[in-house]
Amino acid sequence: MRRFFYRPASIPKPAFTIGDGLILLGLVALLYAGARLALRVPAVIAGPNISLRFSALPWYALLSIGRMLVAYILSLLFSLSYGYYAARNRAAERVLMPLLDVLQSVPILSFLPVVILSLSAILPQMLAAELASIVLIFTSQAWNLTFSFYQSMKTIPTEQREAAAIFRLNPWLRFKTMELPFAALGLVWNSIMSWSGGWFFLMAAEIFNVGSRDFRLPGLGSYLQTAANAGDTRAIVAGLGTLILVIVLLDQLVWRPVLAWADKFKIEMIESDDAPTSWFLEALSRSWLLEQLDQHIWHPMNERLDNSLRWRFAARTPAPAEAASARRPSIVVIVLGAGVGLAILYGGYQAVRLAATLPAAMWPQVGLGVLATLGRVTVALVITLLWTIPVGVAIGTNQRLARVLQPIVQVIAAIPATAIFPVLLLALVKAPGGINIAAVLLMLMGTQWYLLFNIIAGGAAIPQDLKFTTELLQLSRWDRWRTLILPALFPFIITGAITASGGAWNASIVAEQVQFGGQKYGTIGVGALIAQATGSANYALLLVATVALVGTVVGINRIFWRRMYRLAEERYRME
Amino acid sequence: MVMTPISKDTTVLLALNHITKSYGRPPKQFIAIQDVNLQIRLGEFVCLLGPSGCGKSTLLRIITGLNTASSGSVLYRDQSLVGVNPHATIVFQTFALYPWLTVQENVEVALKARGVPENERRQRALKLIDTVGLDGFETAYPRELSGGMRQKVGFARAMAVEPELLCLDEPFSALDVLSAESLRNELMELWQTKSIPTQAILMVTHNIEEAVLMADRIIVMGKDPGHVVTEFPVTLHQPRNRKDTAFQALVDQVYAAVAGKTVPGKTLGTAPGQPGKTISLPRARLGALAGLLERVAEEGGKIDLYRLAAELNMELDDMLPVVETGELLEMLTVQEGDLQLTALGQAYADASILTRKELIAGRVLRVPIIGWIYETLQQDDNQRVAKEFFLDELRGDFGDWAAEQLDTAIDWGRYAELFAFDDDSDELYRES
Chain A
1 MRRFFYRPAS IPKPAFTIGD GLILLGLVAL LYAGARLALR VPAVIAGPNI SLRFSALPWY
61 ALLSIGRMLV AYILSLLFSL SYGYYAARNR AAERVLMPLL DVLQSVPILS FLPVVILSLS
121 AILPQMLAAE LASIVLIFTS QAWNLTFSFY QSMKTIPTEQ REAAAIFRLN PWLRFKTMEL
181 PFAALGLVWN SIMSWSGGWF FLMAAEIFNV GSRDFRLPGL GSYLQTAANA GDTRAIVAGL
241 GTLILVIVLL DQLVWRPVLA WADKFKIEMI ESDDAPTSWF LEALSRSWLL EQLDQHIWHP
301 MNERLDNSLR WRFAARTPAP AEAASARRPS IVVIVLGAGV GLAILYGGYQ AVRLAATLPA
361 AMWPQVGLGV LATLGRVTVA LVITLLWTIP VGVAIGTNQR LARVLQPIVQ VIAAIPATAI
421 FPVLLLALVK APGGINIAAV LLMLMGTQWY LLFNIIAGGA AIPQDLKFTT ELLQLSRWDR
481 WRTLILPALF PFIITGAITA SGGAWNASIV AEQVQFGGQK YGTIGVGALI AQATGSANYA
541 LLLVATVALV GTVVGINRIF WRRMYRLAEE RYRME
Chain B
1 MVMTPISKDT TVLLALNHIT KSYGRPPKQF IAIQDVNLQI RLGEFVCLLG PSGCGKSTLL
61 RIITGLNTAS SGSVLYRDQS LVGVNPHATI VFQTFALYPW LTVQENVEVA LKARGVPENE
121 RRQRALKLID TVGLDGFETA YPRELSGGMR QKVGFARAMA VEPELLCLDE PFSALDVLSA
181 ESLRNELMEL WQTKSIPTQA ILMVTHNIEE AVLMADRIIV MGKDPGHVVT EFPVTLHQPR
241 NRKDTAFQAL VDQVYAAVAG KTVPGKTLGT APGQPGKTIS LPRARLGALA GLLERVAEEG
301 GKIDLYRLAA ELNMELDDML PVVETGELLE MLTVQEGDLQ LTALGQAYAD ASILTRKELI
361 AGRVLRVPII GWIYETLQQD DNQRVAKEFF LDELRGDFGD WAAEQLDTAI DWGRYAELFA
421 FDDDSDELYR ES
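If you read the protein sequences in the order shown, they are chains A and B.
For the record, in the first sequence the residue sitting at position 44 is 44 according to our numbering, with numbers rising by one throughout.
For the record, in the second sequence the residue sitting at position 155 is 155 according to our numbering, with numbers rising by one throughout.
Don't take each hint at face value.
Stated by the list, open to error - The list that follows gives simulated cross-link-like pairs (lysine to any residue, SDA-like), each with its CA atoms no further than 20 Å apart:
id, chain 1, residue 1, chain 2, residue 2
1, B, Lys357, B, Tyr415
2, B, Lys387, A, Glu569
3, A, Lys264, B, Phe137
4, A, Lys176, B, Pro117
5, B, Lys387, A, Leu567
6, A, Lys154, B, Asn67
7, B, Lys127, B, Asn67
8, A, Lys266, B, Arg114
9, A, Lys266, B, Thr193
10, A, Lys176, B, Thr102
11, A, Lys176, B, Arg114
12, A, Lys430, A, Gly231
13, A, Lys264, B, Gly147
14, A, Lys264, B, Thr193
15, A, Lys266, B, Tyr415
Hints in this document: simulated from the structure, not taken from any laboratory.
Owing to the predicted nature of the structure, the values given are computational and were not obtained by experimental measurement.
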């Protein structure tokens, strides 16, 4: 059985620190800089023509995959270096990990307008849109990968690390034979998560409009939007079909084989009964050509690389494996840090000045918008919980049901909600309160799967003897849920809900204000405010609304979710 | 210190001079090892023996250069040791094999790190795998092997780098009894027939029989802080026989040295926060002490510690904390490897359940940490105090070990019905 089991990685104390304040200030400064740049963008930008012919679809699919791939490779490189550095250098760790923690709880989509506008101020429009989409996907993929790698690095057993030191493995060999393999399984799982997150953002980035500026990119997402705009049902079906096909193919030809192959990197010393399998990997492993490639090219290359790197590292004597180094930062680092700090302070100051130009009447509107969006997020979460808990438990505790439903659910879950959004609008836009319903639905679609997968995992993890005991006690249905199932699920629900609510906030940016069939539809909400502000070049409002959104989300994470998470960890964990 | 040179060669391979290892800074300093001196000569098989927490594993890491001493010097062939010792290697308790490498790759990686070319590397690895008797398992992954076989890979990997000094860190303690026995014999055969280029072996263990069975010299360590208590030369001929009277006598002697002896009128120390040293609580449950006292009473109030441990099939590490608890509560004394009930201990063994609770409560209250917790709770209006308060105070005496001490204290307090702990509010409270 394939399990999506996601855990927020670090759980420091659930309070704001000065560091958090600094990081948020840094984000504000960055936003300000972006807004300044954005002032220079022309008011009207014509988007590319998106062809609705079926023959264009393969090309569009390739373009979309290409964007994903570039962003993923960047994410992976970033994760490996950031995580490695944070895990091996204690001084760096103290700065890098809190930074990462804030970054991952920031609703990234709220930055999209600023990122696109500021990039298109300095770059040709197409390039800016491409870059913005890649930056956006990167920010949706990198953080969990980094956390995963960092945590694997930190949890390598002491004796393994000592063995590496005593057998004098140089840093390269140590990375290759110990650190990377230890992290491999976590990296693979998180890569799968990252890709599904990436699709969500790619679709959003491909179909992004700001006022009369059209930043569409040729790709599957824009194809779907154009098709929905034109009300072309055949094109919608074809576009969705292609998207699903791409996702299924990637799953069968990339992720499943990788997952089956990565099974050998698990740390448990026990043979498992249900190791993941892949027909494609099996087919490949019997291939004569690949074996020749391995023997004559891959293996000798590897050997040569090891050797050449060995000489490079030979000059240094390996340091004691006792712990990560805790050297004092050098002058350069201090000067650089001071420079960045000053820039942040200046940017923050300017941002405050810009925010002060916002008319007093707008401030309550921002507050109202945040509350309205919070309401929508809560409704989406409650609806999600109401259906995922019973269904998840049913699937998780019933092997036969799981075998039938799991693959179907996976395919449905793999479709990025943002891709279906235009289709959803097509159906709902005329209905009363349609945009409200559509917004909640988008949040639902984007987030319910995290919860469902977590609850399935939780249901499957309830120990058999506890189930027998509750049966023997002849508890009523409600008592059984209250004493066994809900407490056992609690940690899984919380981990799922943290991710789900983050996704819901993100979705609000695309969901609350849309352009459809040449007309604008909007509702009250902070996402709508951000979209409006970008459209009308009201940068003070854009800044205030984005900061309000980011502040609210980070605040709720710290004050509410952290606490729940700790409660789950301390009280309800099955050991 | 007794120093009888046993080996023919008296060249000192490794010498530790006044090694001390401490963590943290005063006043919250924890000393793991204090002023340890020892030497390992060519041709010697030395065992470091002691209860858990005596710093023997830390000492092994200082010897190999994986860890550094706070003060003192490590000399290897008269040279001061810098960084990881290239002539030493370790066989680990948990094997420390890489699960994603095959048996052969695990052995080869040690050679690869030293730049041995591919062909030679393969041949040497295969030969070693053959030597340890794993022929045919070259392409198996560690998870396909039994514990004993995994440790054989550990040995093969260690020998691959042809170490002068082979360090063994409780290499048999994670194995089942039979695998451990056969692996011990195989190692002794390799060592005594000089089939391996190793010049000296240093083994850390808490298994006394194992030490007497294999070593030429046994160094006994004690704790609080870790120090060398004494050492025993072992002159019995190999192969040694467990049933041998001389063997048994030596095991008994070593057992007595490890268990120490009860010092009459030994101070109980002061309460946390007060000047003076606070005596730590042994990590044992009072329920286990009750069982031990009954067992000794059945034997007429006196029993040989080694015999008892063998009968109960208890490891030294499980046994000693219980014995220490008995000494602390003045229920029993240790004298030359014998356990003897005190009058109080005898009374306890004979008493009914209710009287026992009272007896224990009275005794436990005399232990400064427990008394201090009890009084603190008594002075509080609600008779409830946050756990964090006690932890903070205990950190002053025990540093990172404070939580463990408090857990033991709570366990004792609950057993004696003096106070208990409320997990929901994280508070300790008095039982009414």
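Hint by hint, here is what the structure shows:
| no. | hint | in the structure |
| --- | --- | --- |
| 1 | B:Lys357 with B:Tyr415 | holds, 8 Å |
| 2 | B:Lys387 with A:Glu569 | holds, 19 Å |
| 3 | A:Lys264 with B:Phe137 | holds, 17 Å |
| 4 | A:Lys176 with B:Pro117 | holds, 18 Å |
| 5 | B:Lys387 with A:Leu567 | holds, 17 Å |
| 6 | A:Lys154 with B:Asn67 | holds, 18 Å |
| 7 | B:Lys127 with B:Asn67 | violated, 32 Å |
| 8 | A:Lys266 with B:Arg114 | violated, 27 Å |
| 9 | A:Lys266 with B:Thr193 | violated, 39 Å |
| 10 | A:Lys176 with B:Thr102 | holds, 15 Å |
| 11 | A:Lys176 with B:Arg114 | holds, 16 Å |
| 12 | A:Lys430 with A:Gly231 | holds, 13 Å |
| 13 | A:Lys264 with B:Gly147 | holds, 19 Å |
| 14 | A:Lys264 with B:Thr193 | violated, 38 Å |
| 15 | A:Lys266 with B:Tyr415 | violated, 42 Å |
Violated hints, listed in ascending order, are 7, 8, 9, 14 and 15; each of the other numbered hints is respected by the structure.
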